[in-house]
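Full structure from sequences and hints, please.
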Amino acid sequence: MRRQDLEAMDFEELWLLHEELTKILAEKITAEKRELEKRLAQLNQPDQFAGAEGGATTTGSSQPPRRKYPKVVPKYFNPLKPTETWSGRGKQPRWLVAALQSGHTLEEFRIRENGEAPSRNAGGHEH
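FYI, in the working numbering the residues of the sequence shown are 70 to 196.
Treat the hints loosely; a few may be bogus.
Stated by the list, open to error - Within a straight-line C-alpha distance of at most 30 Å, the following computed DSBU-like cross-link-like pairs (lysine-lysine) qualify: (1) LYS160 with LYS144; (2) LYS137 with LYS160; (3) LYS150 with LYS140; (4) LYS107 with LYS97; (5) LYS160 with LYS150; (6) LYS92 with LYS107; (7) LYS102 with LYS92; (8) LYS160 with LYS140.
Claimed, not checked - Have a look at the derived ranges for each label pair, beta carbon to beta carbon: (9) ARG71 with GLN111: 40 to 46 Å; (10) LEU90 with ASN113: 31 to 37 Å; (11) ARG136 with ALA95: 39 to 45 Å.
FYI, nobody ran anything at the bench for these hints, they're computed from the structure. Beta carbons are placed, not taken as given, at the ideal position from N, Cα and C, and that holds for glycine.
What follows is the structure, encoded as structure tokens:
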């Protein structure tokens, strides 16, 4: 349909055309969505079989199991409460933020490895 044809139509004809187009588009969108859902179901089928063979059961979620990451070892501790630690990742804990604001350095809270000399007790002298 050419633009001139549309411009020649009166309001009622254009409105009917609009409603007809809306109906056709809605049907096509629904059909496309159904087709995509079918394809998605086919793609997810091998994952479900692999989970059943491995003995792992998924409880209602179609997501694959989370990847296992190694445990992150804490690098810093709170001297006032040694059980409070921080790995150095993510947001700093409140006790550390407060200590840093009061003039302490991050290095003062580091957990020492075996054989590592504590630098804060060295007094700035290296032997």
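Okay, the hints, checked on the actual structure:
A hinted pair counts as satisfied when its Cα atoms are at most 30 Å apart, and LYS160 with LYS144 qualifies at roughly 14 Å. At most 30 Å may separate the alpha-carbon atoms for a hinted pair to count; LYS137 and LYS160 meet this at roughly 22 Å. This hinted pair checks out: LYS150 and LYS140 have alpha carbons roughly 22 Å apart, not beyond 30 Å. As the CA atoms of LYS107 and LYS97 are separated by approximately 15 Å, the hinted pair is consistent with the 30 Å bound.
For the proposed pair LYS160 and LYS150, the alpha carbon gap of about 19 Å is at most 30 Å, so the pair holds. This hinted pair checks out: LYS92 and LYS107 have alpha carbons roughly 23 Å apart, not beyond 30 Å. Of the supplied pair hints, the one linking LYS102 and LYS92 holds, its CA atoms being roughly 15 Å apart against a limit of 30 Å. Among the hinted pairs, LYS160 with LYS140 is consistent with the structure: their alpha-carbon atoms are about 18 Å apart, no more than 30 Å.
Our hint of 40 to 46 Å for ARG71 and GLN111 holds, since their Cβ atoms are close to 42 Å apart. Taken as a hint, the range 31 to 37 Å holds for the pair LEU90 and ASN113, whose Cβ atoms sit roughly 34 Å apart. Look at ARG136 against ALA95: about 41 Å separates their beta carbons, and that is inside 39 to 45 Å.
Checked against the numbered hints above, the structure breaks none of them.
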